[in-house]
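*Asks:* For reference, the chains in residue letters:
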Amino acid sequence: MSALTTDWNLGTSGDDVYAALVEAHEGLSDEDCRRLDVRLILMLANHIGDAGVICDALKRAREGL
Amino acid sequence: MARYEYRPFDYHKPPELSGTPARRRPVIIAGAGPVGLAAAIDLALHGVACVVLDDNNIVSRGSRAICWSKRTLEIFDRLGVGERMVAKGVTWKVGRLYHGEREVYSFDLLPEQGHKNPAFINLQQYYVEEYLVDRTREFPDLIDLRFKNKVIGVTQTADAARVDIETPDGRYALEADYLLACDGAHSPIRSMLGLTFRSRVFEEQFLITDIEMKADFPSERWFWFDPPFHNGQSALLHKQPDDIYRIDLQLPADADPETEKRLENVIPRIQAVVGERPFEIDWTSLYRFQCARIDRFVHGRVIFAGDSAHVVSPFGARGGNGGIQDVDNLAWKLAAVLQGQAPAGLIETYNEERVHGADENILNSSRATNFMTPKNGLEHMLRDEVLTLAGSLPFARRLVNSGRLSLPCSLAGFALQSDDDREMRGPMVPGAPCLDAPVRDAQGRTGWLLDHLGGDFILLSFGAPQSPRQDLRHLAIAPQPIAGVETLADDEGLVAERYGGRDGAAYLIRPDQHVAARFAQPTPEKIAQALARARGLEAA
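Chain order of the listed sequences is F and L.
Letter by letter, the first sequence follows residues -8 to 56 in the working numbering.
Letter by letter, the second sequence follows residues 1225 to 1764 in the working numbering.
With a straight-line cut-off of 25 Å between C-alpha atoms, the simulated SDA-like cross-links for lysine to any residue are:
hint, chain 1, residue 1, chain 2, residue 2
1, L, 1317, F, 2
2, F, 50, L, 1606
3, L, 1317, F, 3
4, L, 1599, F, 27
5, F, 50, L, 1605
6, L, 1317, F, 6
7, L, 1599, F, 26
8, L, 1463, L, 1443
9, L, 1599, F, 5
10, L, 1599, F, 16
11, L, 1599, F, 23
Counterexamples of contact, computed for chain F against chain L with all Cβ distances above 10 Å:
hint, residue
12, 29
13, 32
14, 36
15, 45
16, 53
The calculated label-pair distances, taken between Cβ atoms and stated as ranges, are:
hint, chain 1, residue 1, chain 2, residue 2, range
17, L, 1716, F, 14, 45 to 51 Å
18, L, 1332, F, 4, 20 to 26 Å
19, F, 41, L, 1455, 42 to 48 Å
20, L, 1442, F, 46, 40 to 46 Å
21, F, 41, L, 1491, 55 to 61 Å
22, L, 1379, F, 31, 54 to 60 Å
Treat the hints as calculated values from the structure; they're not laboratory data.
From the three backbone atoms N, C-alpha and C, an ideal C-beta is built for every residue, glycine too.
All chains, full assembly: derive it from the sequences and hints.
*Replies:* See below:
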């Protein structure tokens, strides 16, 4: 099991990725935005393929909520 | 500290209005702002004469452009004004980002050691213009600076531009081979030619204020998202020379500009930022961001540079710096064409290369503005959660965008640059702006590599150059002086490190300090071919 990468891992494409995230949600209702996010989470979780990493990310994402 | 004293420049009755017949000029420059003045100086350094026309007779009112980037300072060094700017300016490298009450993180822009110039200085535009005007005075035979000479009409033929000019003493006309329109964001020449900005205007308004204040704030850039002291979405505090501070406050999209500009409304907003300290308001301005450019920067004999060609939002310091890089790219090309050393097509490469630069600046500037002014609930949440994560997770800090500060763009892949040599390593690929490094000259004086580059085409060789050419300046990097060649010692090894320098390798460097070609094993044929290409003598 590897650790969650919290250092920068987006090379020179950070602003491209941020813009793509914003654009993907454009024109969607709040409900559909949530659907999109859930689909995205499922796909990326599968791509990562490491339950430990995913659980670590979930734990950190819950902090302060 | 006395506040800046605006001294009017002298107006002189143009000789054409006193009976002297108008002579055709190589170049007329419209606009004596930083871009027009830098263009006049750069052309003069290439031996090209120009007339500079300005409708006004003082420097910029208010600080306007304040952040000058390392690349701009390197260009100013080449123009002979950089050191004076750095001596006067506030050098800064630390930026702090706040979200509400909380400091999210700070960043240090300090580049690696071994560069002459800092990442940025803050210096009011009026000082920059004053220093540039002083420098133009050192070329009395080449630069004819005419204040209160307003361009009121432009016509052009296949080989000339004609400008109608209005002065306090009446009207006259001048003809030139080329007209440079450096007449600003509201460019009258752009309107006269019927050209339009393809524009994206942002909804939000920004109140920009310079205050004079005694304070012990460090020389840092402080940026707030959702500032606790202000009901807008962002705020910026930046220090300038003479105890002047720049404060940018974002206002709601529906705020009434006339109301907001009133001093009695500005003062409480500033008090909210600086607290109880006494201050005086020096200058204030209110505007909506706009990101735009014209389709082409070259229109026959009329060439646009600076804000007349492209405008960006201010976060990221890409307006003034972008304009100075336009000049850097254009002046040597224009000089080569006017002096018959290159075909007119070389000027088209200015259009290609700087449209690319402008697009990069517009993209970065638009994205920073989007980050600061989220348009809807989701975008707002995404932005806020990036800021939340940035407190503890390093990756998220690099997603925070309060302005991606101006870096020179690469010209890789454009017509003048040769293909890279696969045997060469390191970041200095064809198209890259040259990196600085400490060097020692043959007289034993320590200095900087960039002070030895630029102006002409230069072949920079590691070790003795192979079969030197008469029409090329040669510069060698070697521990001991080489007979007949300007030699620089690389005592700290940083030239070799940054240029992947190995013995026998060579770089062909453009007059604007960009790499045109590099060779692990240079031959006279390879150099001749790359030089012809870089001079625009050969189609790609």
